[in-house]
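Enquirer: Residues per chain, in single letters:
There are 2 protein chains.
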Amino acid sequence: MVAPLRLGVAGLGTVGIGVVQIVQRHADLIAARAGRAVVITAVSARDRSRNRDADLSGYAWEADPVALAQRDDIDVFVELMGGSEGPARDATEAAIAAGKDVVTANKALLAHHGHALALASEAAGRVIRFEAAVAGGIPVIKALTEGLAGNALRRVMGVMNGTCNYILTRMQSAGLPYDQVFEEARQLGYLEADPNLDVGGIDAGHKLALLAAIAFGTKVSFDAVELEGIGAISIDDIRRAADMGFRIKLLGVAQMTGRGLEQRMTPCLVPEGHPLGQLQGGTNMVVLEGDAVGQIVLRGPGAGSGPTASAVLADVIDIARGIRTPTFGVPAAALVVPTPARTSTPAPWYLRMTLLDKPGALAKIATALGEAGISIDRMRQYGHQGVQAPVLIVTHKATRDDVDTAMARFAATGVLVGEPVAIRIEEV
Amino acid sequence: MVAPLRLGVAGLGTVGIGVVQIVQRHADLIAARAGRAVVITAVSARDRSRNRDADLSGYAWEADPVALAQRDDIDVFVELMGGSEGPARDATEAAIAAGKDVVTANKALLAHHGHALALASEAAGRVIRFEAAVAGGIPVIKALTEGLAGNALRRVMGVMNGTCNYILTRMQSAGLPYDQVFEEARQLGYLEADPNLDVGGIDAGHKLALLAAIAFGTKVSFDAVELEGIGAISIDDIRRAADMGFRIKLLGVAQMTGRGLEQRMTPCLVPEGHPLGQLQGGTNMVVLEGDAVGQIVLRGPGAGSGPTASAVLADVIDIARGIRTPTFGVPAAALVVPTPARTSTPAPWYLRMTLLDKPGALAKIATALGEAGISIDRMRQYGHQGVQAPVLIVTHKATRDDVDTAMARFAATGVLVGEPVAIRIEEV
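Just so you know, the protein sequences line up as chains A and B, in that order.
With this note's numbering, the residue at position 254 of the first sequence is 398, and numbering never jumps.
With this note's numbering, the residue at position 242 of the second sequence is 386, and numbering never jumps.
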């Protein structure tokens, strides 16, 4: 009989307690599957006196997560505190230095320090695993790193912030403006303390950067992710995109092109008939495209105690079973520095603008598009509202640079009211 | 540097050649990910002279797959011949006896002999892996066995025969009868030589039995799968189900209940808004429900050279990396014999029947339902066609036994024209 695998759990919030509950509830099941018992030896959290929904009396308590990480009686340091710096980083580094394997749900830590941590861990002959850091309960890191290991990845996409998807789908279903739904989400507790982590795309951008590193064998480069949040999305855009058969999503896309690695987390239009378009509420979805397998779509809960703890346990059981796939699929020392590429892959675009209601206005816009090398696929002009005429255009494929050129030319026509809106239509 | 992992590939059809192509095309990528080279040493197929879309000149040729399986210069026997008996079984047994790991895409072989083969393999300290046998390119075996290893599984569902889903969705989109679309599918080459493997649900039933074994830690028991094909599904049922907001799918469902293990591969209604309802054409989908994670949906190509070869390579790279998860998630010796349970989980049902157009006919049906303990959720009576009135009923939750009782009572009313149809509505 192999000795039990001993965990030290740092962070006893909703996810940490979820992990404790699974380890207690499924001790026999986990032992049967892992081939050895998995036990918690010690825990750490900020406030010992807080009432928690689990019996912690059998575990040693450490006030300091660094001390927990260094205990002789743990094999795996389970980091569920969060944050890219401070105790989470200190304790993770201490765990690696002490020769522990690490399982973490901390996307910010890995997006900023993942490469250095993986290098240190692998130099020590240990692993860092992070299934819970990306798309909650969906086993996407495993699918990408192991399930599609025979593929050259072409593109990785994902709706990976449930709060943003909740806001966008709720705006559509209830016909409410962004500010009102944002406030609803805040009251429901769906938003991070700093809401910009959610609606600014930062949290989802962290996740995308991690997926891109695995998919393309590149060093994590979160700083190169083109980030654009959902704050500027209007109910008008959502409605008019729907009229044309599209949905608006905060969509992450990473792909390797001739010019380098494109990574963007931005609002995009996707067809209503694709699983991405059909995704409602807080559910997450990741789309993996490989040269052999084609398109794989994974859908599931992206947050919450049970789903996130499920992902933590998957990593723990892997370690118990002896599965030691490198953090990013290849040894960290083999990851290459990617050339960051501004989005260059051509795509159709959705353009919305309001024109002065005077003769020739539309012709000027069409001319500006033509001069930028962009041709029109579909156009709709809505009923005049006084002297203003809302116009929707779906273009044929164009690069972002071409669209920027066109937008500059629009401004020079003198027929625009307000700012035009341009949103990429991701071809899925 | 670790020595290369050497493959012997038996079966050079579309999947076998797909495997050869990936191993050749991605040699560097695979070596980087696996930490060692993966090479093909020898191959075997029925007809050496056939032209194949790959350069096989560097590989030894064995006319006999058993001889291939026993070669000293292979580490992994890759079985891509198919069939539950004959050469596939003989060669797999020979490979295990010779101490080889086995990777197979053969669901029939494993559905019938998986337990015995896994026992023998594990006794020899080797593994049999079969990602490619279930849902083609979707890494579902890995997701279930490893990704959700921290969960007690509640239910596993899947649309796992692309041909059946093609037929059902094509019937609906083109408004064509079953026989005509079946013939189309045959001409497109979508059907097995014995079409009953597809439309009779046998192929998909094999896959379900394998998923159930992993999910519930039970010996594979394909013989206990309740099988019902799609041959009796009429365009009327498809249309009328759609009127009520449902789609008809050949849906596999496995769940552990108080009475034992339920396994069925039968036509079911699912809500049009669920990913299962939205699944079009030959694409596969598997739904995994765990107590911690909730519902995970996996979607992707269920067949074809690239997707199936991708799954084979995932298993091969796992073996190269030293990942040796037991075939069914726990050691085969620990699998328990399940008590097979006839479907007892209550569900709503869709009932369609044609009644004689005479006073009191509908009342007699309603009375028969009530006497069987079944209450009506929704009912629609369509315009009379001469003396016959088609009637649709959606019931509240009822067991299969109750529905059978009601159907017997319907027959005794004397108001039915033809046979009534009852299709379970799976709650997803």
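It is worth saying that the hints were derived from the structure and are not from the lab.
We treat Cβ as the ideally placed atom computed from N, Cα and C, and that holds for glycine.
Hints may contain errors.
Here are some chain A residues pointing at chain B (derived, C-beta under 10 Å) [said to hold, decoys possible]: (1) Gly280; (2) Val284; (3) Ala296; (4) Leu320; (5) Leu332; (6) Leu335; (7) Pro339; (8) Gly444; (9) Pro445; (10) Leu457; (11) Val460; (12) His540.
Enquirer: Hint by hint, note whether the structure agrees.
Expert: Now for the hints, and whether the structure bears them out:
no. : hint   : in the structure
1   : Gly280 : holds, 8 Å
2   : Val284 : holds, 9 Å
3   : Ala296 : holds, 6 Å
4   : Leu320 : violated, 21 Å
5   : Leu332 : violated, 18 Å
6   : Leu335 : violated, 22 Å
7   : Pro339 : violated, 25 Å
8   : Gly444 : holds, 4 Å
9   : Pro445 : holds, 5 Å
10  : Leu457 : holds, 3 Å
11  : Val460 : holds, 7 Å
12  : His540 : violated, 26 Å
Violation of the numbered hints given earlier is confined to hints 4, 5, 6, 7 and 12; the remaining hints are satisfied by the structure.
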